[in-house]
Every structure is written in structure tokens, then in C-alpha cells.
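S.K.: Same order as they appear, the protein sequences are chains B and V. Using the numbering used here, the first residue of the first sequence is number 31, and each one after it goes up by one. Using the numbering used here, the first residue of the second sequence is number 31, and each one after it goes up by one.
Please note: incorrect hints may appear among the correct ones.
Where chains are identical, the list cannot tell them apart; a pair therefore holds if satisfied intra-copy or between any two copies.
[Claimed, not checked] Cross-link-like lysine-lysine pairs, in silico, DSSO-like; alpha carbons within 27 Å at most:
| # | residue 1 | residue 2 |
| --- | --- | --- |
| 1 | K56 | K108 |
| 2 | K147 | K171 |
| 3 | K171 | K56 |
| 4 | K147 | K199 |
| 5 | K199 | K125 |
| 6 | K57 | K171 |
| 7 | K199 | K108 |
These are calculated hints, taken from the structure and not from any lab test.
Chain residues, written in single-letter form:
Protein chains: 2
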Amino acid sequence: MEIIKEKTDGFAEEHLFIQMVLAEWKKQNTNLDKLLNMLSDEQFSAAIAPGRNRGIYLVGHLLAVNDGIAPLLGLAEKLYPQLESVFLTNPDDPKAQMPSITELKEYWQIVNTRLEKFFETLSADQWFTRHTAVSEEAFAKEPHRNKLNILINRANHQSYHLGQLALLK
Amino acid sequence: MEIIKEKTDGFAEEHLFIQMVLAEWKKQNTNLDKLLNMLSDEQFSAAIAPGRNRGIYLVGHLLAVNDGIAPLLGLAEKLYPQLESVFLTNPDDPKAQMPSITELKEYWQIVNTRLEKFFETLSADQWFTRHTAVSEEAFAKEPHRNKLNILINRANHQSYHLGQLALLK
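Bound conformation, chain B alone (with noise of 0.2 Å):
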């Protein structure tokens, strides 16, 4: 009776925390759907001080990552690729081609509503099966290396430049 006692509060507390690290991930999904409806084109055209990232960059970044989370979990591929040679692989450049900040915004929820349907299919054990940027022998040494630990990072890399973002205020 105790084993099972322990064995139940042993997974309500492992689908707990799944619960918690997708609550903080889209916590931060929010807080800049807020800034997208909050800021204007104009705002988003500024940067954020003077010489550094426009806001429509660091956008465009916050979604391309997003996009890439899709594949990293084996899920599917991404939505649009062609962002991250100007989002991802290059820094802000005024003169590259890039699409609207209104074209960014539809993205953003589009990617992000994908996402939030793959991970209601995902069971807690999948959670902590390994992401696909490590191979299985790194995996075996370093588990925390797992999906789960994806969503981890990919909020605190949001809420990075989610402080550079409310500068626009």
C-alpha cells in the first residue's frame, strides 16, 4: 500500500511539473502577445537603444526559435524555414529583406498554437526522452538533455529579450 501511495505521488508530481514548465513557457508566449498588441508598427520599426537590435528583429528571432522547437522535440518540421537566415543566422541588418511586423504577428500565433496541440500529444515519459540536437550516446550521459529541458530554455531565452522588447515602451 505505501509502494503504491509513493509510486502515485511520484507521477502526480511528474505531470506536475510538465504542467509547470509549459505554465512558465506560455507565460512568456503572452507576455509578448501583450507587447504585439500593445506597440505600434513604428515602435516595433525602433531599436531597442541606440545601436542595437529593432524590435521587429528581436520578433522575428523570438518567433524563428519558436518555429525551430517543432523539430527539436521530432514533432515536425518548421513552419518557415526561411526565417532563419535573417532572424537566426544573421544579426539585425536594416537593409535585409524580412516581412512585416503584421505578417510576423500571424506567424507567431500560428506556430504557437501548433506547438501547444503537439505537446497536449506528448505523455509524460516523452517529455524526458531526448531532444534531436543530441545523439543517444550523449544522451545517456547527460539526461537532462531531454525535451522537457527545451521548453526550459526557450523561456528564459524569451524572457532575455522580452526585457530588451519592453524598452520600446
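We have chain B already, so just place chain V on it with the hints.
M.R.: Relative to chain B, chain V alone:
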């Protein structure tokens, strides 16, 4: 046999998860350590962007937040409660009396070293108990408001301001 195996996996994942959250929290502290070593006192006296918070204020703010983790987790009192008024309750005020950046750096190491020692004493189950800012009644309905969630939240809060402090470079 199958039940025991599942139980063991559940608990292994629980421990792994705590390590993952602690690792992300420590990573954010290390990121601030690097900035503290890299930037001059003059750089910390500057605002992160025109008319925004100064570097020294954000360092004190992050320090005061970390100093508040021990009481939130029911482990100990704050070491530097005097930081609360200038760095948490009030916005950045160039006329306010505050410790020097050298003193803040010293406190930062002391606070985090103490926290890491405390964290080693917490069992996996204790991490999933409520923090002191949530009542027993509320916690029964919202079990994610546990001690571990404080660290998830604080790591993201720190990332947010690290993105701003990085502008001092």
C-alpha cells in the same frame, strides 16, 4: 515488477527535473557573474538605455530578489533586508542612498552561496511543498505554487533583466 520499475522511473524523473530547474537557475546566476566581472563600475553607473534603469539598480534588484528566496522557501530570513526599499519597493532613484557596486557584488556571492547550500538540504518531496507566500487552502487548489516553481519563475525574471544589463556592454 512492472509497478516497481514504473515507480523508479517516476522518481528518477522527479530528481532529474529538480536538477534541470536548479541548473537553469544557476546558469542565470553565472550569466550575471560574468557581467559583474566584465563591466566596469562606470558601466554599471550608466542607464541600460536613455531614461531607463541604471545597471547598479538592476544588479541590486536581482540581488534583493535572490535574497528573498530563502524566506519564500521557509529556509531562513533575508541577509540584507535593507535592500528591499531601494531595490524592490521603489524605482531607480539616482538620489537614493545605496551600496556601491563593489558591495553589491560581494553580497551577490554571499546570497547565492548560501542558497546553493540550502538547496542541497531539500529533499525532492520538499521541493513540491508550498512556498510561504501561498496559503494551505490556495495550495490545495494550485499545487504548482510550490518551492520549485519559485526557482523556475526567478530564473526567468533574472533572464529578463540580464537581457537589459547586456546592453551595458
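S.K.: Report the numbers of all earlier hints that the structure fails to satisfy, in ascending order.
M.R.: Of the numbered hints given earlier, those the structure breaks are 4 and 7, listed in rising order.
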